[in-house]
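The lines below spell out each chain.
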Amino acid sequence: MPLVRVRGPLKRLADDRSEHVIDAPTVHELLHELERQHPALTGWVLDERGAIRRHINVYVNGERGGPETTVEAADKVDVLPAISGGCRR
Amino acid sequence: MTELLAATKKGLFVLEGAPGEQFTITGRAFAGEPVEYALRDRHSGRLIATTTSPIYGPKIWCTDDLAGEWAQAEGIALPDDAADALKRIWVIVSGEAPGTLYAGGDPGVLFESHDGGASWQVNRGLWDQPSRPEWQPGGGGLCLHSIAPWPGDPQRLAVAVSAAGMWLTEDGGSSWRRGNQGLVAAYLPEEARTESDSLCVHHVERAPGRPERLFMQFHGGVYRSDDAGESWTSIADGLPSDFGFPLAVDPADPDSAFLIPLKADTDRVTPEGRVLVWETRDAGASWTARGEGLPQGDAYLTILRQAFTRAREGAALELYFGTTTGEIFGSGDAGASWSTVAERLPPVYSLVANA
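First to last, the sequence lines map onto chains U and E.
Numbering-wise, our numbering puts 87 at position 87 of the first sequence, and it's gapless, one number per residue.
Numbering-wise, our numbering puts 1285 at position 285 of the second sequence, and it's gapless, one number per residue.
Hints are computed from structural coordinates only; laboratory data are not their basis.
Keep in mind it's a predicted model, so treat the numbers as computed, not measured.
Any given hint could turn out to be false.
What the hints assert, rightly or not - The calculated lysine to any residue pairs, modelled on SDA-like cross-linking and capped at a C-alpha distance of 25 Å, are:
{"hint": "1", "chain 1": "E", "residue 1": "K1010", "chain 2": "U", "residue 2": "K76"}
{"hint": "2", "chain 1": "U", "residue 1": "K11", "chain 2": "U", "residue 2": "G50"}
{"hint": "3", "chain 1": "E", "residue 1": "K1059", "chain 2": "E", "residue 2": "Q1121"}
{"hint": "4", "chain 1": "E", "residue 1": "K1009", "chain 2": "E", "residue 2": "T1233"}
{"hint": "5", "chain 1": "E", "residue 1": "K1263", "chain 2": "E", "residue 2": "A1252"}
{"hint": "6", "chain 1": "E", "residue 1": "K1010", "chain 2": "U", "residue 2": "R54"}
{"hint": "7", "chain 1": "E", "residue 1": "K1263", "chain 2": "E", "residue 2": "L1247"}
{"hint": "8", "chain 1": "E", "residue 1": "K1010", "chain 2": "U", "residue 2": "H28"}
{"hint": "9", "chain 1": "E", "residue 1": "K1009", "chain 2": "U", "residue 2": "P2"}
{"hint": "10", "chain 1": "E", "residue 1": "K1009", "chain 2": "U", "residue 2": "H32"}
{"hint": "11", "chain 1": "E", "residue 1": "K1059", "chain 2": "U", "residue 2": "R17"}
{"hint": "12", "chain 1": "E", "residue 1": "K1087", "chain 2": "U", "residue 2": "K76"}
{"hint": "13", "chain 1": "E", "residue 1": "K1009", "chain 2": "E", "residue 2": "T1340"}
{"hint": "14", "chain 1": "E", "residue 1": "K1263", "chain 2": "E", "residue 2": "T1233"}
{"hint": "15", "chain 1": "E", "residue 1": "K1010", "chain 2": "U", "residue 2": "P9"}
{"hint": "16", "chain 1": "E", "residue 1": "K1009", "chain 2": "U", "residue 2": "P67"}
{"hint": "17", "chain 1": "E", "residue 1": "K1009", "chain 2": "U", "residue 2": "A82"}
{"hint": "18", "chain 1": "U", "residue 1": "K76", "chain 2": "U", "residue 2": "H28"}
{"hint": "19", "chain 1": "E", "residue 1": "K1087", "chain 2": "U", "residue 2": "R17"}
{"hint": "20", "chain 1": "E", "residue 1": "K1010", "chain 2": "E", "residue 2": "T1233"}
{"hint": "21", "chain 1": "E", "residue 1": "K1087", "chain 2": "E", "residue 2": "A1067"}
{"hint": "22", "chain 1": "U", "residue 1": "K11", "chain 2": "E", "residue 2": "T1169"}
{"hint": "23", "chain 1": "E", "residue 1": "K1010", "chain 2": "E", "residue 2": "D1081"}
{"hint": "24", "chain 1": "E", "residue 1": "K1059", "chain 2": "U", "residue 2": "N61"}
{"hint": "25", "chain 1": "E", "residue 1": "K1087", "chain 2": "U", "residue 2": "H32"}
Said to hold, decoys possible - Label-pair restraints from in silico Cβ distances:
{"hint": "26", "chain 1": "U", "residue 1": "T42", "chain 2": "E", "residue 2": "R1210", "range": "39 to 47 Å"}
{"hint": "27", "chain 1": "E", "residue 1": "Y1187", "chain 2": "U", "residue 2": "R54", "range": "28 to 36 Å"}
{"hint": "28", "chain 1": "U", "residue 1": "K11", "chain 2": "E", "residue 2": "G1209", "range": "28 to 36 Å"}
{"hint": "29", "chain 1": "U", "residue 1": "R5", "chain 2": "E", "residue 2": "S1119", "range": "44 to 52 Å"}
{"hint": "30", "chain 1": "E", "residue 1": "A1315", "chain 2": "U", "residue 2": "A40", "range": "47 to 55 Å"}
{"hint": "31", "chain 1": "E", "residue 1": "Y1187", "chain 2": "U", "residue 2": "A73", "range": "57 to 65 Å"}
{"hint": "32", "chain 1": "E", "residue 1": "A1264", "chain 2": "U", "residue 2": "K11", "range": "43 to 51 Å"}
What the hints assert, rightly or not - If we take Cβ atoms under 10 Å as the criterion, some of the chain E residues that face chain U in the derived model are:
{"hint": "33", "residue": "S1053"}
{"hint": "34", "residue": "I1055"}
{"hint": "35", "residue": "Y1056"}
{"hint": "36", "residue": "G1057"}
{"hint": "37", "residue": "P1058"}
{"hint": "38", "residue": "K1059"}
{"hint": "39", "residue": "P1079"}
{"hint": "40", "residue": "D1084"}
Using N, Cα and C, we set each Cβ at its ideal position, and we do this for glycine too.
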């Protein structure tokens, strides 16, 4: 099954574990399942519309993925905050 | 001893001190995160703060102990029928009933909590306003930034949305009506002013000792209402500018209001490089500049909407304001004299004083 890796506050909210094995066919469904298994993550990766937050990046095997990107059993999925250098805040 | 909760671009700073002295930083939370607003609930004493992470979105947090853990509040999300996600929480206010708090956010949303801030629900009465699709955002977004409870009556509340004007309820938020009579949107073409509800209210404060009186800083205008927000009269004559955001009142004097005008919407700094707090003690009939101890040359400061606060009242009224350049100035004598309370902080987004 795919391996999902989170860090920083997301790791803390996900039972303080950085690696999670989750079976789902797409990035979007995988993130939903991650949130379902760890309700403290609700609202942190996906907003209340179910969309991936604008400054969250998802990589599948090192390549930038989107919500519809398919995920295979041996894939590694990284959920990362975007690098927002130069932003006003 | 007075406590200041300074919400900044880089975390929440808690400062303590006495008026006329430099305050000491006694605590910091959410290091590195933008904190929009923080208050101590007047019923429970609990600290409540709101952060807007550019990555993880807006949250509300609570703690009974600044040195301890903050618990994330539940329910800070828009209803399923919303087109977008919640962008930001602007302000949190204690309600009249113990356990009740209100939070205002973007897009023009009012949250309410009845368990001391642990969980929140969207106020559907305001959310379901039929005119909502026509609500226009101001420069800072469609922000619900002012919440004015009615002392002693939890059923009555006034809120302001930029730029959807004033909204009033007398049934605890089940139903709402507009309260905009007399406001003039000078930023609109003259022909459009009478019909438009695109009213960019910047800040509203209620006079606690005379609750039917409210003061308003508008986007180009300063107003007073003596009928609980139904209608408004201009009180801008005598001010150097009718543009600004910060507004405070003295709870002991319903004829009092304090403003820190900025030069103009195109130049949001203190006019002529002088930092002045303008005071009225006759409900806006006249204004007096208070600047003793404040920078009076080459000081082009910006004070944001929520960065002006007060504690105590009457002759002991304390006033404090923070700037986007990281200073906090304070007065312990109702604005007659001022001193620097703190400096070299991150940009101050909001300031709340507790004495």
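Outcome of the hint check:
1. Note on K1010 (chain E) and K76 (chain U): the hinted pairing is violated, with a Cα-Cα distance of about 33 Å set against a maximum of 25 Å.
2. Restraint check for K11 (chain U) and G50 (chain U): satisfied, since their Cα atoms lie roughly 20 Å apart, inside the 25 Å limit.
3. Restraint check for K1059 (chain E) and Q1121 (chain E): the C-alpha separation of about 13 Å stays at or below 25 Å, so the hint holds.
4. The hinted pair formed by K1009 (chain E) and T1233 (chain E) fails the criterion: a straight-line CA distance of about 36 Å is larger than 25 Å.
5. In summary, the hint linking K1263 (chain E) to A1252 (chain E) is not supported, as the alpha carbons are separated by about 30 Å, beyond the 25 Å threshold.
6. Proposed proximity of K1010 (chain E) and R54 (chain U) is supported: the alpha carbons are some 21 Å apart, at most 25 Å.
7. For the proposed pair K1263 (chain E) and L1247 (chain E), the alpha carbon gap of about 15 Å is at most 25 Å, so the pair holds.
8. Between K1010 (chain E) and H28 (chain U) the CA atoms are separated by roughly 32 Å; this puts the pair beyond 25 Å, and the hint is violated.
9. Proximity of K1009 (chain E) to P2 (chain U) is assessed by CA-CA distance (about 38 Å); at most 25 Å being required, the pair is judged violated.
10. For the hint linking K1009 (chain E) to H32 (chain U), the alpha-carbon distance of about 31 Å lies beyond 25 Å, and the restraint is violated.
11. With a CA separation close to 22 Å, the supplied pair K1059 (chain E) and R17 (chain U) stays within the 25 Å bound.
12. For the suggested pair K1087 (chain E) and K76 (chain U), the alpha carbons sit about 31 Å apart, so the restraint of at most 25 Å is broken.
13. Note on K1009 (chain E) and T1340 (chain E): the hinted pairing holds, with a Cα-Cα distance of about 20 Å set against a maximum of 25 Å.
14. Restraint check: the Cα-Cα separation between K1263 (chain E) and T1233 (chain E) comes to about 22 Å, which is no more than 25 Å; the hinted pair holds.
15. Among the hinted pairs, K1010 (chain E) with P9 (chain U) is consistent with the structure: their alpha-carbon atoms are about 17 Å apart, no more than 25 Å.
16. Between K1009 (chain E) and P67 (chain U) the CA atoms are separated by roughly 31 Å; this puts the pair beyond 25 Å, and the hint is violated.
17. For the given pair, K1009 (chain E) sits about 19 Å from A82 (chain U) by alpha-carbon distance, which is consistent with the 25 Å threshold.
18. With a C-alpha separation of about 14 Å, the suggested pair K76 (chain U) and H28 (chain U) falls inside the 25 Å cut-off, and the hint holds.
19. For the proposed pair K1087 (chain E) and R17 (chain U), the alpha carbon gap of about 28 Å is over 25 Å, so the pair is violated.
20. This hinted pair does not check out: K1010 (chain E) and T1233 (chain E) have alpha carbons roughly 39 Å apart, beyond 25 Å.
21. At roughly 28 Å between alpha-carbon atoms, K1087 (chain E) and A1067 (chain E) are farther apart than 25 Å, so this suggested pair is violated.
22. Of the pairs offered as hints, the one joining K11 (chain U) and T1169 (chain E) is violated, with about 43 Å between alpha carbons and a cut-off of 25 Å exceeded.
23. A threshold of 25 Å between alpha carbons decides the hint, and for K1010 (chain E) with D1081 (chain E) the separation of about 33 Å lies outside it, so the pair is violated.
24. Using a Cα cut-off of 25 Å, the hinted pair K1059 (chain E) and N61 (chain U) is violated, with the two alpha carbons roughly 31 Å apart.
25. Distance restraint check for K1087 (chain E) and H32 (chain U): the Cα-Cα separation of roughly 21 Å lies within the 25 Å cut-off, and the hinted pair is therefore satisfied.
26. Checked against the hint of 39 to 47 Å, the C-beta distance between T42 (chain U) and R1210 (chain E) comes to roughly 44 Å, which is consistent with it.
27. Taking 28 to 36 Å as the suggested C-beta distance range, the pair Y1187 (chain E) and R54 (chain U) conforms, at roughly 30 Å.
28. Roughly 51 Å separates the CB atoms of K11 (chain U) and G1209 (chain E), a value that falls outside the hinted 28 to 36 Å.
29. Roughly 31 Å separates the CB atoms of R5 (chain U) and S1119 (chain E), a value that falls outside the hinted 44 to 52 Å.
30. Distance hint for A1315 (chain E) and A40 (chain U): a CB-CB separation of about 49 Å, consistent with the stated range 47 to 55 Å.
31. Taken as a hint, the range 57 to 65 Å holds for the pair Y1187 (chain E) and A73 (chain U), whose Cβ atoms sit roughly 59 Å apart.
32. The beta-carbon spacing between A1264 (chain E) and K11 (chain U), approximately 47 Å, falls within the hinted interval of 43 to 51 Å.
33. Interface restraint check for S1053 (chain E): the shortest CB-CB distance to chain U comes to about 8 Å, inside 10 Å, so the restraint holds.
34. Hint status for I1055 (chain E) relative to chain U: holds, with the closest Cβ pair at about 4 Å, below 10 Å.
35. For Y1056 (chain E), the interface hint holds, the least distance from its beta-carbon to any beta-carbon of chain U being 5 Å, beneath 10 Å.
36. Because the smallest distance between the Cβ of G1057 (chain E) and any Cβ of chain U comes to about 6 Å, under 10 Å, the interface hint for this residue holds.
37. Of the supplied interface hints, the one on P1058 (chain E) holds, with its beta-carbon coming within about 9 Å of a beta-carbon of chain U, less than 10 Å.
38. Interface hint status for K1059 (chain E): upheld, as the beta-carbon distance to the closest one in chain U is roughly 7 Å, under 10 Å.
39. Contact between P1079 (chain E) and chain U, as hinted, is supported at the beta carbon level, the nearest pair being about 8 Å apart and thus within 10 Å.
40. Annotation: D1084 (chain E) was flagged as interfacial toward chain U, and the flag holds, the nearest CB pair being 7 Å apart, inside 10 Å.
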